[in-house]
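Engineer: Line by line, the protein sequences give chains A and B.
For what it's worth, the numbering used here labels the leading residue of the first sequence as 1, then goes sequentially.
For what it's worth, the numbering used here labels the leading residue of the second sequence as 1, then goes sequentially.
Simulated from the structure, these hints should not be mistaken for laboratory data.
Keep in mind it's a predicted model, so treat the numbers as computed, not measured.
Glycine included, every Cβ here is placed at the ideal spot set by N, Cα and C.
Among the clues, some could well be false.
Said to hold, decoys possible - Simulated pairs of lysine-lysine, DSS-like, Cα-Cα distance not exceeding 27 Å:
#, chain 1, residue 1, chain 2, residue 2
1, A, K245, B, K122
2, B, K122, B, K215
3, B, K151, B, K206
4, B, K122, B, K156
5, A, K237, B, K80
6, B, K101, B, K122
7, A, K41, A, K24
8, B, K101, A, K158
9, B, K225, B, K158
10, B, K108, A, K158
11, B, K224, A, K158
12, B, K225, A, K158
13, A, K158, B, K173
14, B, K158, B, K207
15, B, K80, B, K108
16, B, K173, B, K151
17, B, K100, A, K245
18, A, K158, B, K80
19, B, K65, B, K206
20, A, K245, B, K80
What the hints assert, rightly or not - Derived list of chain A stretches under chain B, where covered just means 3 residues or more per stretch with a C-beta under 8 Å from a C-beta of chain B:
#, stretch
21, 8 to 15
22, 40 to 49
Each chain is listed here by its residues.
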Amino acid sequence: MKISFTGKNYISLASVICMLIVWKILSLHFDSDFVLPSPEKTLITTLTLFGDGRFLGIVGTTVARGLIGFIISVVLGIGTGILTGLNPYADAFLRPVLVTIRSIPVISIILLALIWFNPGSVPVFIGMLTMFPFITTNVSDGIRSIDRELVVMATFYKVSRERIVRELYIPAIMPFIVSGASSALGIGWRAIIIGEVLSQPVYGIGTMMQNAQTFLNIDAVIAWTIVAVLISYAFEKMIRWLEHKLVVWRS
Amino acid sequence: MSLEIRSLYKNFDDVTLFSDFSVAFQEGTITCILGPSGCGKTTLLNIIGGIIEPDSGQMTGFREKTISYIFQDPRLLPWKTVEENIEFVLGRDIAAEQRKKISGQLIKLMELEDFTAYYPSKLSGGMRQRVSIARAFAYPSDIILMDEPLKGLDIKLKLNLIRIFSRMWQTDKRTVVFVTHDVDEALLLGSDIIVLSGPPAQIILKKRIDLPYEKRSLESEYLKKLEQNLMEALGN
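All chains should be built: construct the whole structure from the sequences, respecting the hints.
Structural biologist: What follows is the structure in structure tokens.
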């Protein structure tokens, strides 16, 4: 990937450097690795993580949980989104359900999920539940945004029902699905890691964070946080790339 | 042969658009229906096209015909290129190669060769409407319905599109029913011109122009006189 440094990029780079400087100053001020380790030490810890034999297993498990939760929420979300987008009664019925799911604090869901599921499934369930409303709402908006006149045109020219769905409905809602997926993943990753911290599955970034915190390895807590941020960033990039591929037709 | 509508009745909300309305169209010609906005022109097209059901009335000759519709707005799929938009209306029973050939010919006739792979968002309003016209001609229809497709275009574009349209029409002379409120468009394109008033719609004037398209000029005495006739009828 090519990165061109424009004026704005320089300012963003300066912002990152400023954050590092503030971090360094604070770490000098506290002068204790148990409160805030220095950026260099944290960087070294992060790099050692990559070398750890269990690293891929841990990260892979968390990513797999995220993806499973995401895929379930996308499938469910597209289904309910189409239903609520096409049928105002279904919309009226499901709206309170979605509002409720969205308003429940993540921690309440986790506490309940801890009782209902095994530790490995808790984060998947949390991820699914936090991501699902975004997909549903966006698909539903997408369906409602479809230009009825295009449908009249296609029907007039006797285009088959199956082709109208494939060539008119799906491309029309695609940008909405992608933007829903983007917001969903942004929230979803965080929820999954909180789920892991509290449910303590054998493998998982959250588990590692919790362990590190217990032993006051603050540098490791931050290092795992950096890993989590990088994963989230990578997925965001992938979604943006996908979006770009899917909506070339926009001006 | 003619296509006929007899004793058409249609109410929309509280407005009576058609009450015992009858009209006939000569096959293989362009009939222009001229009238003020709100007189029921578009509704008439939608009834002919089967988009709207009439309250009652008899239609002869339409049912067994295939119809294309050039809408007032181009109604192109934004995620399909010029070529794909034209081919969209071709059934999959037509082989891909044949579809490409049909769209290719029309793209050429419509002078869109340089824009084959363009998405509608990259085209001007006039070009989009040309794609919509090409799509209507690509569809294997007997009748083409047109609902003021030139509305909102400037005079130069309008004349250019009329020139391209009449050239295209000459290739297979389909029956065209063309609705407009623009007298010049009617004079340049119509074989038969029907002036409507309403609602409820009533035919207040019928004119036939026998002049071939390439000989028509808005500057000629003949068309100027006709224009005056039409303007007077519309003024009522």
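Engineer: Tell me, which hint numbers fail for this structure?
Structural biologist: Violated hints: 2, 11, 12, 21, 22; rest satisfied.
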